[in-house]
Structures are given as structure tokens and as C-alpha cells.
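> If you read the sequences in order, they're chains A and B.
First residue of the first sequence? That's 1057 in this note's numbering, and the numbers climb one at a time after it.
First residue of the second sequence? That's 20 in this note's numbering, and the numbers climb one at a time after it.
In short, the hints are calculated from the structure, not lab data.
Hints may be right or wrong, so weigh each one.
Stated by the list, open to error - One side only, chain B facing chain A, incomplete, derived with CB under 10 Å:
1) Val34
2) Ser56
3) Gln90
4) Lys107
5) Lys122
C-beta: ideal position from N, C-alpha, C; glycine also.
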Amino acid sequence: MAYDLENYPFRFRRLPDNSVIAVSESGDHTFLDDDDLTQLSNAPNGLSLDRRAELQSKFFLGTKDASGSLRLLASRIASKRETVLTGPSLHIIVPTLKCDHSCRYCQVSRSLSGNGHTISHDDLQKACDTIFESPAENLTVEFQGGEPLLRFDLIRFAIERITELNLTEKRRLRFVITSTLHHLDEQKCEFLREHSVCLSTSIDGPAELHNINRPLPTRDSYQRTVDGIAMARELVSPDCVSALMTTTRESLNYPEAIVDEYMRLGFGEVFLRSLSGYGFARRNAPRMDYSLEEFKAFYERALEYILKLNDQGTSFREVAASIVLNKILSPFDAGYVDLQSPTGAGLGALVYNYDGFVYPSDEARMLAEMDDASLRLGRIGDALSELLNSPVQRDLIRASLVRYTPGCDECAYNSYCGPDPISAKSQWGDIFAPVNLTSHCKRSLWLFDLMFMKLKLGEKQFLDLAYRWAYPQQNTRVFNA
Amino acid sequence: MKTVNTVPSVPLNHVNWHLITLPVGNLSEMEVLRALSFSACPARFKGMSNDSAHIEILEATPEAIAATEIQLRQALADQQLRKEINQKSSSRIHEIVEAVIAKVTGH
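Same shape as in the complex, but just chain A (with noise of 0.2 Å):
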């Protein structure tokens, strides 16, 4: 018997090998032959009976009745959006751009004497306070810099005043510092570890690699780095240090050397980056920078090499490829600040910077250090409402919409991934950016398809593995990084 049936939208696409992905309003996918689009398309009903509980089960299709599975898809749909739908959870404070660092493809760092590029006592408060305005439950607050630990008599102080506040705003609180850990001791330690703060560090790779991309005058940051980690493993916790590396033109020669460094410093996982078009890192473009097909061969080498190491019995995470796979397996969003419509900047993360102003995300207060200081939200102080409410973030959201952005709205990733505004604004100085010119977007699809070109081959072990990178695994700093 054939049920009066209805098309749900949903959108396609070509995978590399000419085969069909379609992914429906709830982001549910499903592999098509040409026939079986067409099908689907015009007289749905002609399609064998598996295929079509197939369909309707992943919102392809439905009932004309089926007022229920509709509001299972309502609920769905939410569940995708639950990073932007629930206020700002991820609250960055820059201390200070201090460093004493000379990074080559660091966005903002200064290494400065005196009290420049520091954050006042009275910002400090303010950012503190404002953090609570936020609906969240749950709130991660990130110190970034510079070197936050430089100042570490602010973070001190900003831990203890939002741990006090906390005793009646009851929240889910995380605390995180992003550090090279040279400037670690006995006593930082005791204090990070009374208040469960987590550590997040850089580590490029093997030492000389390392070395080349972070110099130091005394030619020794890796090794006070892996010290870093030590000391913290050993005084703070076992787990409380995750690690990210940047991908220069020099790393691109050592994929698997750079998965066997994060293996041997006993971290379960690497975020294989590559390099983004910020500060520094775009003036030393010329001598840092490559194109996205030399990115591509560097990951694909990379993941192939993780792959076979799980093969074989070693547990081994590629973030990227989790967040992808996140998105594309699980019913939960899994916070990745960068793949979010609306944007995941500012409705999702704030950026409390040394300045007194406040970002919509890392990479604008980065602009800003670029004298680009067009996405500033409002003052540090300013209530959240008023700064979600700027003119700046009503653009970002405009932006961001995958519905009325050209491009986005016919993509198949859409449910899945969004344009990213500020990295438009970077690349071609205008937030309505073309999508399809934006690196962001190539980069994305990119992965995408690989990841479904990986799914649709359907090997086992593969599929196994997917999955489970699929489900976030906890104190990932990554995920909402």
C-alpha cells in the first residue's frame, strides 16, 4: 500500500566521484544513485519499501499527517543549534598580549616591558560580572594572550571572583589557560589545580620543527614546553593539558612524524590546523603560507597514517575530523564555534580583550591588532544584551544565515557547517564576502567530502572508528574552541 507521501526539502551534491550525497533538513544523509534522486524528486512512491522508511526515518520524506515526526524534526533542528540557541558558554579574557615569544605565525603577541597592552582591574571585574549575564549553564572561560601566565596575578584574580559568583549562580563552570607553560611553577600549579582549571598548549611537532615555528632567543621551546606538560600532568592532573599545533610550509614534510610527537608526549589526539590569515602569519605569508592543495595532501597523509595506527590497536583522535564527523553522525552539535548559522561569534563566544572592548571571537580582536577594529561589540562593562544586540552582531548573524546566504542555501552541507563572517572580513575586507571565494568554504567542503567520500566506502573498521570520533570525548578544549 503506498502512503500519501510528501517531499521534505533537502539538498545534494557531487562527491568527487560523481556520486550523490543528500542530506535533509534535520542532517540526517543518505547515499543516492541518479535514478534513486530522480525518484525521490518526482513519484517518491515508486521507491522500494525500504528505501522509503529509509527516507522517511531521515526527514526526506514524510506523511501529510505526520504532525509528530514534525515536531521530532522541530526538535532536531534545535538540537543542531543548541551552540548559538543558548547564549555565550565560551568567554575568552586576553590579560595581556605580553610574550615573550617570537612566533612566526602568532596573530597578536607583544613582548613589551611596563604595563601596556594589560587589562585594568576594573575591566577585569566588569568582564567577570558580565560573563553571569549569559543563560548558559554551562561556561568555559578561556585565558588567552600573549602569555596569560605572565599575568597571573589577574587570572588569579578573575578565577577567584567568578568561583565566588558562582555560589549562587550555580553554573557549570571550566576554566582554561592556552600557554607555552614556560612560565609554570609549584605554586601556579597548586592554585590551577584547587580550581580544576585545564592547561592548553602548543606543540608544532618534533622539537626542531617546534623550534623553527616558535623561537625563543635561548632555542629551547620545546623542551620548556614538554616540561610545562610534565610538571603540569605531575601537580595539576593527568589530564588537565590538552595541546594544538599550527601547520607551517615546514610541517607540511612531516605528517606522521607530527601525529608520533603527539603520541609520544601521551596526548590521545591531535587538531591537524592549518595556518589562518591573521597578524603575523599573513605579513610572513610569503615564506609560511601554502595553498589548500598542499594543506589537503598533508592531512589526507596524516589521517591515513591515524587510521592505520587505530587499525592496529592504538586509540588515536584527528579533531578536525571529529568536529566533521560530529556534525555529520551525531544528533548533538558538538560547539564547534567556526561551523555554526548563525554564527557561533558572539552568539556562542565572547572576547573580553586587554583593551576594554569585547569581541565577537579570537580572530576579530585579532583584526583589531591589524587596525581593523570594525567588529568590536561594545565596551567591557556594557550589558551582554546590548552587546548581542549591536549593530556589529545583527551584521555577523545577517552573514551567517546559510538560508539567504547565496551558495550556502543550495549546499548540502548547510544543516551542517555556515559562512564564517570574520574570516571573510579577513580575507576580502567585506563580511558579505562571496562565500564560495572564501577559504572558509573550500576548506570545509573539502573535508566534508572527504569525510563522506570515507562513510560512503563503508568500510567497517572506518565506520566503527567514525563513530566514535563522532561523540566529543570530555575536556576536549578543541571542541568549542
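Once you have looked at the hints, place chain B on chain A.
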């Protein structure tokens, strides 16, 4: 005549282009442009007449031109299908999505 270049990295003054004409059914000029803008083909749109699009392909070997033409035909057929899917699909679903967005944006 409008020229929409889908290969921004190619210096336009130093290459030759091969003109082809493809049927576009009931696609509007804007819909043809959309199909082309997300196609990886080295092509640029020159204009439309009589339900056909005039597209220039970056001239390389005859085999490469033929392969690009096949890809462009596919891209235009896919765009036609997207239009049909959008027209046929339940408006109730569009309303649900709008409601979720409204909750985020406050409108």
C-alpha cells in the same frame, strides 16, 4: 554582457576561451550563475538567450573541453533538480526551520 569568472586565479588576459551553448530549461540567469559558481570547472558565464546559456571554457586539450562540458551539463541538470525539489517540498518544513532561526535571532 556580464562576465562571471569562476576561476579567479587565472589571469584572464593570457588564456583562450572556448564558447559552448548549453540548454538550461526553466533556470533563470541567477540560477545558472549559482550552478556555475559552485562548479569546479574552469568556465565563465557570458549570457543567456532562448533557454540556453553561453559559457566559455578555459581552452586546453579537446579532451579537457569535452570533460568540462559534461560536468557543466551535469551541474545545470542538478540545479534544475534543486529547483524542483525546493518547489515540491513541504512548506511546513520551511516554516519549522524559520521558527528555529527566529528563536536564535530574536525576530
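> Using the nearest Cβ pair, does Lys122(B) come within less than 10 Å of chain A?
holds, 6 Å
> Per the CB criterion, is Gln90(B) less than 10 Å away from chain A?
holds, 9 Å
> So, as I understand it, the hint says Lys107(B) touches chain A; can you test that by seeing if any CB pair is closer than 10 Å?
holds, 5 Å
> With a cut-off of 10 Å on the beta carbons, see whether Ser56(B) makes it to chain A.
Interface hint status for Ser56(B): holds (5 Å vs cutoff 10 Å).
> A closest beta-carbon separation below 10 Å is what the hint needs, so does Val34(B) meet it against chain A?
violated, 19 Å
Of the numbered hints stated above, the single one contradicted by the structure is hint 1.
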